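Enquirer: Listed here are the chains, written in short residue letters.
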Amino acid sequence: MTTIWNSYRYLILRRATQIGLLLLYFGANAWGWTILMGNLSSSLFINIVPLSDPYVALQMIAAGAVLATDIIIGALIITMFYLVIGGRAFCSWVCPVNLITDAAAYLRRKLNIDGISKRQPASRNMRYWVLVLSLIISLMMGVTAFEFISPISMLHRGIIFGLGFGWASALIIFLFDLFVLKNGWCGYVCPLGGFYSLVGKFSLIRVHHTMENCTSCMKCKTVCPEQQVLYMIAKESTDVLRGECTNCARCIEVCDDEALGFSIRKLVKNKRTGE
Amino acid sequence: MENRAVSDRRKFILKMARSAGIAALGGFVWSAYVDEVTASQLLLRPPGAIKEEDFLKTCIKCGLCVEACPYNTLLLAKPGDNKPMGTPYFIPRDIPCYMCPDIPCVPICPSGALDEASVTTDGVLDIKAADMGLAVIDDESCIAFWGIQCDACYRACPLLGEAISVEYKKNDRTGKHAFLTPIVHSNICTGCGLCEKACVTEKAAIFVLPREVAMGKAGNYYIKGWEKGDEKRLENAKEIKTTTEISKDSAVNSLNSDSEDF
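Just so you know, the sequences run in chain order Y and F.
If you count the first sequence from 1, you need to add 191 to reach the numbering used here.
If you count the second sequence from 1, you need to add 39 to reach the numbering used here.
For the record, the hints were derived by calculation from the structure and aren't laboratory data.
Take these hints with a grain of salt, some might be off.
To be verified - Quick list of the computed label-pair ranges, beta carbon to beta carbon:
| # | chain 1 | residue 1 | chain 2 | residue 2 | range |
| --- | --- | --- | --- | --- | --- |
| 1 | Y | E427 | F | D47 | 50 to 56 Å |
| 2 | Y | L389 | F | E179 | 56 to 62 Å |
| 3 | Y | V323 | F | I227 | 47 to 53 Å |
| 4 | Y | N197 | F | P143 | 46 to 52 Å |
| 5 | F | E75 | Y | L302 | 35 to 41 Å |
| 6 | F | I279 | Y | W358 | 51 to 57 Å |
| 7 | F | P143 | Y | A359 | 30 to 36 Å |
| 8 | Y | W222 | F | G200 | 36 to 42 Å |
| 9 | F | Q80 | Y | K426 | 55 to 61 Å |
| 10 | F | R49 | Y | I268 | 46 to 52 Å |
| 11 | Y | W358 | F | G60 | 30 to 36 Å |
Unchecked claim - Residues of chain Y placed beyond 10 Å of chain F at every Cβ, according to the derived structure:
| # | residue |
| --- | --- |
| 12 | Y199 |
| 13 | N230 |
| 14 | L366 |
| 15 | S407 |
What the hints assert, rightly or not - With the Cβ distance kept under 7 Å, some of the chain F side facing chain Y (calculated, not the full set):
| # | residue |
| --- | --- |
| 16 | A62 |
| 17 | W69 |
| 18 | S70 |
| 19 | L95 |
| 20 | K96 |
| 21 | T97 |
| 22 | K100 |
| 23 | G102 |
| 24 | E106 |
| 25 | K117 |
| 26 | P118 |
| 27 | G119 |
| 28 | M124 |
| 29 | P149 |
| 30 | G151 |
Small disclaimer: the values here were computed from a predicted structure and weren't measured.
For each residue, glycine too, the CB sits at the ideal point set by N, CA and C.
So here's chain Y without its partners, still in its complex pose (with noise of 0.2 Å):
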């Protein structure tokens, strides 16, 4: 029982936060809940507080709309608290995407489709072309560009509100992820993942690698996201320092060698090694 809470227990705790605040959300739309009203983009926390998607708010600049000052608090306090636990912390314990991308990447495993193909014919800097993009075609046709097409919110939206054709666009990335990409939707496309990453680069709870008790059995690489973050396993003992990192917490749990663990950045020491 310790071992399978040990080698779960942040996919347990991420779950149980995606799915929590899922109903959380949900609750209030349906029963009247007060706890936390609205949805990703932009929500209600005990009747009080407000909370903005701030990559939003950016394409709202764009597009020219004047922010209301809740918008402003909102979104600076979701930047201050990604900010603290990991950029993309968002991504892997929020985010409702997730729980399919990570269904898709887990199936692939399965099904050995990465032996099969190994070549992974694109460049992870995509996404910041998109995010680049969406905020061009927000400023030129004055709306929130992205918001128009995303399947964050079209899914997020549709569990708390009515789903529409929205399980489409779910399916659609389900299948990309499965046949066309690995961790294509998240890894590779997704702009508000690379926010996010730009955010992570700056925050301070890390995962840490102590190479002494790495034994280079690549478990971690295997089942991370964003393997690139990982380049420093049994290399060097060093914090997961790119942004692109989720802070999913997956390569600690299927370590059996401790080699992996949460840690808060050293930010004096960054300074002097001018990281």
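Guided by the hints, dock chain F onto chain Y, whose structure is given.
Expert: For chain F alone, coordinates are given in the frame of chain Y:
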């Protein structure tokens, strides 16, 4: 060594060109879609909604107004609805706006897309100031215009007698009956849609349209001379210069000329 450099540079240029190509393709499809989906005009927004153009950039699509509505009037546009994704709207024939005096959908809006000031009179929330749309009547399918007595819309109107009044006219067909026909007053109507919901015809003969769709505009050149102050609008009128060339022939010549010249 030099060959190597050239090939690297070529690779880099090709890579950039490729990225630009993909970005252009994606950007084109993306903006075309956004343009299409935001072009839909026949949408009724919640009370206090700012101008549609600004609404589309300001609404954050959080659905708090939808959750605040006690009558489940408001909906969020889903994929497949062919409306701007995630924005709130309502269909009065299904569920109209019941014009709550405390307007719960407006103050909760975090983005200002629903503007509290626009539904406030003298510092108090005033749903009568709301402008969701304007009811229009199709007098061909409205049975009151046939001479059948029906005042369903008149009775359903929350601003009874103000937004819709009934006009009395003689029915010449029978010679002894009256037409009691509804008239909507655009300066009072809030577009709540209770009339549309109440309308007895198979497809509502009175229905709410966004105000800018429902109304024409006379412009600044036509003035009600009998109304004091209306002349002021002339100040906004700009001079228009005709650019058509005027014929230099005399009027007589033009009368005598062959009609083929025209």
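Enquirer: Next, verify each hint and record whether it holds.
Expert: So, going through the hints one by one against the coordinates:
{"no.": "1", "hint": "Y/E427 x F/D47: 50 to 56 Å", "verdict": "violated (29 Å)"}
{"no.": "2", "hint": "Y/L389 x F/E179: 56 to 62 Å", "verdict": "holds (60 Å)"}
{"no.": "3", "hint": "Y/V323 x F/I227: 47 to 53 Å", "verdict": "holds (49 Å)"}
{"no.": "4", "hint": "Y/N197 x F/P143: 46 to 52 Å", "verdict": "holds (48 Å)"}
{"no.": "5", "hint": "F/E75 x Y/L302: 35 to 41 Å", "verdict": "holds (38 Å)"}
{"no.": "6", "hint": "F/I279 x Y/W358: 51 to 57 Å", "verdict": "holds (55 Å)"}
{"no.": "7", "hint": "F/P143 x Y/A359: 30 to 36 Å", "verdict": "holds (33 Å)"}
{"no.": "8", "hint": "Y/W222 x F/G200: 36 to 42 Å", "verdict": "holds (39 Å)"}
{"no.": "9", "hint": "F/Q80 x Y/K426: 55 to 61 Å", "verdict": "holds (60 Å)"}
{"no.": "10", "hint": "F/R49 x Y/I268: 46 to 52 Å", "verdict": "holds (48 Å)"}
{"no.": "11", "hint": "Y/W358 x F/G60: 30 to 36 Å", "verdict": "holds (32 Å)"}
{"no.": "12", "hint": "Y199", "verdict": "holds (33 Å)"}
{"no.": "13", "hint": "N230", "verdict": "violated (5 Å)"}
{"no.": "14", "hint": "L366", "verdict": "holds (17 Å)"}
{"no.": "15", "hint": "S407", "verdict": "holds (33 Å)"}
{"no.": "16", "hint": "A62", "verdict": "holds (6 Å)"}
{"no.": "17", "hint": "W69", "verdict": "holds (6 Å)"}
{"no.": "18", "hint": "S70", "verdict": "holds (5 Å)"}
{"no.": "19", "hint": "L95", "verdict": "holds (5 Å)"}
{"no.": "20", "hint": "K96", "verdict": "holds (4 Å)"}
{"no.": "21", "hint": "T97", "verdict": "holds (4 Å)"}
{"no.": "22", "hint": "K100", "verdict": "holds (5 Å)"}
{"no.": "23", "hint": "G102", "verdict": "holds (6 Å)"}
{"no.": "24", "hint": "E106", "verdict": "holds (5 Å)"}
{"no.": "25", "hint": "K117", "verdict": "holds (3 Å)"}
{"no.": "26", "hint": "P118", "verdict": "holds (4 Å)"}
{"no.": "27", "hint": "G119", "verdict": "holds (4 Å)"}
{"no.": "28", "hint": "M124", "verdict": "holds (5 Å)"}
{"no.": "29", "hint": "P149", "verdict": "holds (4 Å)"}
{"no.": "30", "hint": "G151", "verdict": "holds (4 Å)"}
Consistency with the previously given hints fails for numbers 1, 13, ordered from lowest to highest.
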